[in-house]
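Peer 1: So you can see what is in the structure, the chains are spelled out below.
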Amino acid sequence: MNSRPTPNFKAEKIVGGVATDQRHDSAHKHVTGTAIYIDDMPEPAGLLHGCLGLSAVAHGDILSMDLSAVSAAPGVVDVLTGADMPGSNDISPTGRHDEPVLATGKVQFHGQPVFAVIAETREAARRACRLAKINFAELPFVTDVGETDRFNGKLVTPPLTLKRGDAAAAIAAAPRRLSGQMRIGGQDHFYLEGQIALAIPGEDSDVTVYSSTQHPSEVQHMVAHVLGVPSHAVTVEIRRMGGGFGGKETQGNQFAAIAAVAAKKLGRAVKIRPDRDDDMVATGKRHDFLVDYEVGFDDDGNILGVDFHYAARCGFSSDLSGPVTDRALFHCDNAYFWPAVKAVSAPLYTNTVSNTAFRGFGGPQGMVGAERVIDEVAFATGKDPLDIRKINFYGTTDRNVTPYHQTVEDNIVQRIVSELEVSSNYHRRRREIAAFNANSDIIKRGIALTPVKFGISFTATHFNQAGALVHVYTDGSVHLNHGGTEMGQGLYVKIAQIVAEEFQIDIEHVKITATTTGKVPNTSATAASSGADLNGMAAQVAARQIKERLCDFAAEKYGLPKEQILFLPNRVRVGNQEIPFADLVKQAYMARVQLSATGFYKTPKVRWDRDKGEGHPFYYFAYGASCSEVSIDTLTGEYMVERTDILHETGRSLNRAIDLGQIEGGFIQGMGWLTTEELVWDDKGRLRTHAPSTYKIPLASDRPKIFNVTLADWPENREASVHRSKAVGEPPFMLAMSVLHALSDAVASVAEHRVCPRLDAPATPERVLMAVERMRKARSTDG
Amino acid sequence: MTLAIRSEVRFLLNGERVALSDIRPDEMLLDYLRLRRNLRGSKEGCAEGDCGACTVLVGRLSDGGLVYESVNACIRFLGSLDGCHLVTIEHLRGTEGGLHPVQQAMVDFHGSQCGFCTPGFVMSLYALWMRDADPSEAAIEKALQGNLCRCTGYDAIVKAAGAISSYGQSANDPLRVERAEVTERLRTLQDGARVEIGSGTARLILPASVDDVADILLAEPKATIVAGATDVGLWVTKFMRDISPVVFIGHLSELKGVTQADGVLTIGAGVTYSDAQAALAEAIPAFGPLIDRIGGAQVRNMGTIGGNIANGSPIGDTPPPLIALGATLTLRRGAERRTILLEDYFIAYGKQDRRPGEFVEAVHVPVPAKGAHFAVHKITKRRDEDITAALGAFHVVVGADGTVTSATIAYGGMAATPKRARAVEAALVGRPWSMETVEAALPAYQTDFTPLSDMRASAEYRMTVAKNLLRRFYLETTGTRKPIMVTRERAA
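Residue numbers (this note's numbering), protein chains in the order written: chain C, 29 to 811; chain B, 74 to 565.
Do not rely on the hints blindly, as some may be mistaken.
These stretches of chain C come out as covered by chain B in the derived footprint (C-beta under 8 Å, 3 or more residues) [claimed, not checked]:
no. : region
1   : 53–60
2   : 459–473
3   : 511–518
4   : 724–735
5   : 745–757
6   : 767–773
7   : 789–797
Hints in this document: simulated from the structure, not taken from any laboratory.
Heads up, the beta-carbon is just placed ideally off N, CA and C, and yes, glycines get one too.
Whenever a hint applies, use it, and build me the whole structure from the sequences.
Peer 2: Now the structure itself:
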């Protein structure tokens, strides 16, 4: 490992190029415990530790704040409040100035940070935090969107309306219509590594912040803004996160800003790592939604018009709630053509932590609403929900315009679904399940097959850009840097594969380096599944420039046309001779050829006019489908996922092993969201599920007993994405809808599938049992 | 004979002998490893023993042999490690110094993504592989109940776990090779002394014997007694409560006995769930599966049945079945012992019949008579490693004529203490054991219980499911071949 590898100069293929199952670059370090996360870094001498003091009321004016006991506690060096922010006491990521670093004057949710203790040890800081005496004049509060006027309530950001055709007229004219409501719960990210920031003060205004963030540039801007210094004074670095899932897109800003302020004020390094409970209480989550729907359809189940209202619990500030609720509307169609549609969002103010990005970014909630409508129509017409799905899919040449007026040009949902229908034996198993249920009183089974179509690109068009920096050193080794961050998804290794492929060198010669604002500036968040698409292209562009220069140099030096310079594995063919890559690099250096380049990429074709609700917000769509079978206990509501079959596509995959990991992990995380992960606030506005003891993410023993996951081998991206691959981060999350619908199917069997169970999410055992009880009542009143 | 008192805690850390005299009573093993020793491979994910990112192995001498168990370093008190061999991820290696088979399998099967949970998974799988080189999928899932991963969806990890044996034999495992030497070194650490460190508000004591526990508690009636620390650990990590002086009892072999005599199983107060499971499952088969539903392996390796009782929680999982079985408790104060019905120990929420200076020494569990029906069912949001929403334990004897001669039914999660369903019992006794009788008894639940709504379940769900568990219990006793529960077993 430590000795320098000798490249294979006879190889026909490099090791670790694109479309190989290259392992995660840190796998070896993960399993030996040697991968360094921020809390594992050697600590600077004199390091101090911070802890945030949190509000004990859900909404109230701060009448007085006595922090004298906090200051006097053993080990305490300083106590900061909002007034101590040298620049601006604001970390609103969208510039709406609605989110203070530390609350002043009033608090707007239970758990909102009000002050920060800086002490010699983390324990001293935590202990001191509890000594604060804050008097609040409590104000009325609302935590639940169901308790507020969701049609006219206070919003945190302007709503969106998508419209195509006249939905009201289409519904009114439809032979049949129905309406209903669905609750979709939120979700805590439960990244295993919690939020953390380590700030090290430098000279002048400088500060370096190690932040567990998906968005180093934003942390840089926020820290500069809070400190009141130019962005050039702030460097933010992150080598790896212990999970992100959207929870570190904006939520790291607060910890980074406070650590930086304290570090500059005290002239000592400061680390803030909140306890898990504080992390879960004080940082945002997936938005929960209350969806109202009305649908018009015919007796065959053709949907003619739909009207959606998506009300979201946004919390006390806007954060990313605007684009999150927008994306919910962008996915109110899932894979279905709505002939006439109207969808309205309501990003509602609540006295809860400000909700934020989470894998899918509102898209899953949008789709779950769409699938409920499908279910309703299936029950109303007495048909198999899969049949209703299929007749309402987008077409390929017609019936292919979305509610936001983008034409779906790459539709492959029919093929994905029909292949899965066969490979999962859907129809045979549905018959077997019916036979089983007829003979089983207590345990009932259910099955469902649901599709996913997910739009890829940031809907804020300007985020669809990326940069990279590539150096080739004189020994032929390559230093790779780009704007994307590694949170476990395998982005770094994919981009290293792309660069190795360009230079035709084994991947071990490509050094993956930590993301830092000092190397690649003005980056976008590693979010929206865009990491490899954007940064991979930027790195490819950078590598190609250097390769081009090497080509030009070789052609000139050896007096050959450029066509005769060929990059072979670990070597370059120059006319009739083959030169090791490193030797050519050395020669180029001696000839004073620049061996460093930056790369830049911006996604073509995307545009979006939010005011009109029209445009082409997505470069392309990613597709998949899953089929799940469950069994439920009608006495207790307990259930088990018996089997799940998945067929998903990532275009021409850059790395099938990594992509399969994203698909499996995304599915299980989605299943957790829709089943056991429940956020509960009490009548004081306190979040009661703020630790793994009370908030239950899936375990190994929750995964489907039979789990067949297939990455389709035939698709390729019809757009010119990097190596024709497709994004994989978010789309598989929504494959988990098949579990919710299989549970619903099992519940429905209690009343012979005559009544839609209207099973809300998360479908905890309690919700399943209560739905079973509703079915029992329906059955007894029926007959 | 005067008692020897030692003022340092001694243990082996990986290959090194450690002696510490500067330990605070509430100091956690994970902090010691990460902060004092800069061993940062073990991670803090939750600091409450639920996520497993801090999993380490603790080896201890047990009946002469050396046993390694996975534990959560985040809630394991450093002081309680006296005489143990602590093994962290940093110690794991292959025969050639490369990756250990467990690690290599995890790499090859793409078992890590963000990697933060991975050292904990590796340690849990290592503990499993040591006892079971070719584990079933069920055994793997059980070994991983205390390890959370948010990235992979687990399938890659389970596949890796199933393949470990193809990477190497446990006979060549470095820890196996060192065993004799480690055993010998641990023996030399056992000097039979009481360990006492610190004074005033920062004092910890490891008694030399149970008699020593009794003496210490007489002198220090307000001391915090710590067996497994799976509850007290959180008082420290989450509530930062002062617990000094602390009296650790988990190391005392006298309290670790499980014996059976005259149809009564006696379990010492220091017996962990893991150690009790085999004997419980053998004597009372329906009790065994319940143990699998308590915490994860790490918690079961630390937590004790005695502690589960002594802390008086209304949602402790073992008291309802023990009450249903008519278990009794031996409480000791100095040389005095008294034995009470377990049921009478729970007085009210947070209030138990334990006098100052008194401690739980053992619990005595009558084995149900042949032919008696006994079952216990736990209801949770997530099947494994979750805290009870409602738990019902049923012990019914049906006479030769088909009528119920006795019924003892107790629930957890339904009241402020573990509680008997006396009205329901009364509605069953003397009546034929039939679904009609069960149905007729259901209204009695309203007399027995007024459950609360909280984050685990609503009052309505608790009440409905409590009643339905009686229905399930009845169906179980009929020997029906139709499925009446969902299981992890694969359908034929």
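Peer 1: Can you take a look at whether the region 745–757 of chain C is actually covered by chain B? Rule is 3+ residues, C-beta closer than 8 Å.
Peer 2: Coverage by chain B is violated for the region 745–757 of chain C (0 residues, Cβ < 8 Å).
Peer 1: Test coverage of the region 511–518 of chain C by chain B using CB-CB distances below 8 Å; three residues minimum.
Peer 2: holds (count 4)
Peer 1: Are at least 3 residues of the region 789–797 of chain C within less than 8 Å of chain B when you compare beta carbons?
Peer 2: With 4 residues in contact (Cβ-Cβ under 8 Å with chain B), the coverage given for the region 789–797 of chain C holds.
Peer 1: Tell me whether the statement that chain B covers the region 459–473 of chain C is true, taking a Cβ distance below 8 Å and needing three residues at minimum.
Peer 2: holds (count 5)
Peer 1: Go check the region 53–60 of chain C versus chain B for me, would you? Three or more residues, Cβ under 8 Å, otherwise it fails.
Peer 2: holds (count 7)
Peer 1: According to a criterion of three or more residues whose C-beta lies within less than 8 Å of a C-beta of chain B, is the region 767–773 of chain C covered?
Peer 2: n = 0 at 8 Å, threshold three: violated.
Peer 1: Quick check: the region 724–735 of chain C, covered by chain B? Criterion 3+ residues, Cβ under 8 Å.
Peer 2: It holds: at least three residues are needed, and the region 724–735 of chain C offers 11 whose Cβ sits within less than 8 Å of chain B.
This entry does not satisfy hints 5 and 6, going by the numbered hints stated previously.
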